[in-house]
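*Asks:* Use the sequences and the hints to build the structure in full.
One letter stands for each residue in the lines below.
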Amino acid sequence: MAMIWYQLRLAIGSLRKDWGLSLAMFVCLTLGSGLWTTAASHYLRNFPLDPGTSPDLHQIEIVHPRALALDRAARAEDFAWHARTWVTFPEYEILAGSGIPARQSGSFRAQVLAARPSDATPELVNARFVGADFLAMFAIPVGRGRSFTREEEAGQAAVVVLGRALNKSFFAGQNSVGKELTVEGRAFRVVGVLDEDAPLQPSWDPVWGGRDQDALYVPLSWARPLAAWPDRMIAQSPVATAADLWRSDTVFVSFWVQMPEVEMRARYRRYVDENLTGRGIVAHVRDLAEWHRAFPVPPSDIVYYTILLSVGMIGAAFTTARLLLAKGLARRGELGIHRALGATRGSLFLRQMLEAALITLPAVLAGLVWAAGQHAFFNEVALDNDIPVRLGLDGAVVGGVPSLMVGLLAAAYPAWRMSRTPPALQGKRI
Amino acid sequence: MDMGPLELGPIVRAAGRQKSTFALVVLQLASGFLVAGSLLNIGWWFRNVGHASSGFDEADLIGLQVREPRASLGATTGPSATETGRPTLARVAAVPGVMTATRVSPPLRAETGAPTLYRATGPGARAWTIYTTPALLSVLGLKIVEGSIGDGPSDVTAPPVMITRWARDRLFAPGEPAVGRLIVGDDSGAGRVVGVLEDFRLREPFWDEVSSIVLRFSEPIDTDAASFVVRGRPGQRAAVEERLRALATGAPGSARLGSTMSYAAVRPRFQKVGDGLVLLFIDIGLTVSAIALVGAVAVSSFVVAARRHEIGIRRALGATRGDILRYFVVESTLAAAVGIGIGLAATVALLFGMRSALVGLPIGSWQLGAAAAFMWVNATAAALLPARHATRVSPTLATRGG
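Listed in order, the protein sequences are those of chains A and B.
One rule links them: number in our numbering = place in the first sequence (from 1) + 37.
So in our numbering, spot 354 of the second sequence is number 341, and the numbers just go up one at a time.
Any given hint might turn out to be false.
Said to hold, decoys possible - Here are the computed distance ranges between Cβ atoms for each label pair:
id, chain 1, residue 1, chain 2, residue 2, range
1, A, 417, B, 74, 49 to 59 Å
2, B, 176, A, 315, 31 to 41 Å
3, B, 74, A, 155, 24 to 34 Å
4, A, 370, B, 339, 25 to 35 Å
5, B, 80, A, 277, 25 to 35 Å
6, A, 340, B, 167, 43 to 53 Å
Hints in this document: simulated from the structure, not taken from any laboratory.
In this text the structure is predicted, and so the values were computed from the model without any measurement.
Cβ atoms here follow ideal geometry from the backbone N, Cα and C, with glycine treated the same way.
*Replies:* If you want it as structure tokens, here you go:
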């Protein structure tokens, strides 16, 4: 311990002696680490490490050949999500009528007119009509208040849960639980507010990946009274009125069930076979892992930006290595004297590495701050939806830890080179 | 010792003696070129796409959107646009200062939705369907190149459509007449072509079919809000917009949404995002340049430090300070040439890969040239500083044995 402390003091002294080179290394590593952390946050926003959802979740894919053809004709494979992850309302009613799963929820998105009672000007916002279990199933934390209950949903209580963004724009981010707003001209009471923005790729409805988040959550039982008109639905047959929509073959409902027990899953599969497959409807029950394999997050140009920005980090590492080499070369004589006085190669290597760590660690922290600034800049000038990029714990870890490792790795070769400096006597090599 | 400008032998040999250092410089410059070259190309693409002309005069054009509370319309209604569209259009047309107006679905700057696959006699093509009326032609000032609005029989099952030249060239064989023929859209049904229009654009940047448009003169089927496009009299845009807003929102306290938007004054969202990304790329480019500059200075310092003895010998043998300076600058240029070559190959590969995500991404020669020039200046500037120190090495250093 005393040895390390001694080496640490020597390393600090060395850093102060060549403060110009130390500063250059710090700047390089800060910028390199900042670039990498910026890229990591953007990457994780598109491809999250763990969506935090239960592996017991299952989705039932019903093949809609006509909708699939429309989807594929419209453009690329990702649009086939409409046909493959959505069901019609009559199918939803069959699927939801089993009484088997521990939790279940259908949901769909519709634009609704919403306004604060005091504000005469309504806005079109993205409402998600959901079952009472929805938020719990997808582990969406209700920061303030609560979600609505099954009883409230069944009894058509006029209650809503606000998303973070809408709460910010309607109620300045304050606790709005208990306050009122109008939806399609009717008064609703806020019972809960989400503290976090929705993920960019919501697993509950991948059709909306990359778009604005759900602004508020309304009980599904309100869909008919409000004559909600689903957004981006696939009308397989023409639909003339809202009443027609509910009994039509238009696909628009995303339906999930949560089944933690094996026996429950087996019973539900039998139920699906009897009630849907028996009627000639092709249905697949998929658990979450299988679902993720079937519906991966689509490729994004963020992968290329991540490659580009990682080049910046690698460049910073090269620069650091060279700066350390230059530094070591300039102090070869001094290192030779240390060797002549009995310092081992190992101790010289340790000192160089400590010196590198003393620069790398604060540089990585400064890089995190720099990345947070970059996120703020991006959110201000280039955000293409209402889900801001933030430096979360995952981004800090994925950004910071590799930066630290790269910084130390960059120092390893110069430290090894310096540790091989031969002993010197009176300034001359011996 | 006189080192002429073409005497590269000693420089190449010196680089060869320090392979790892030289390789590091080359890698640094190659990676710098990769970042600078890629960002210049991508930034230029975003800028061009975001600012591409729509192909019609936007000066006095106003967009209007009206949305009634659906609950007030009842469950027996269809999309609220159907209920509010027709009566509102009549009122819009009567607003003082309005020259001409029509309904459009989706709005001309719609940010969501998908094109439809149409088939005729050719291989088929994706096209953006706009449900509207023939009045759109006069509102936007679109030019008919074939046919006319009155051409062709009226048919409920195949309403009249007009297609852009871009769509015609892909739906029909070369030289084949389009007017009078049927086209069938996968989700919009059949339509009879009554005319072909000069190309215009929807200005949605992430599609390569922005000029592939079908104007379908029939009622929209699934739109929730009624959208209109209005041309005001020249110079009266602000006043007309104000009147339209008052008309659309109705009485104070009304639960109806009425919003207006001036096409000339309001930048579309993707244009703002495109401009923002250009700023962001400049920011990142400058950051990477700073790293590259510090790196280049570092390596030059290293090279000079490593060669103090050699420089001393050269000075002792008669090399002038200018010779020493030139020696390092030429060496840096050599490294820059190799680094830029490698960086160029990597950049072209990366940009090719990105074309799947950014449709029509160019690989521009001026962008690559600018990146090359920038990296060369960067490397030379970085070499000059330590090289100036090198020229101050005393010839007596050679006698000290390093």
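*Asks:* Hint compliance check: list the failing hint numbers for this structure, sorted ascending.
*Replies:* Violated hints (numbers, rising): 1 and 4; every other hint is consistent with the structure.
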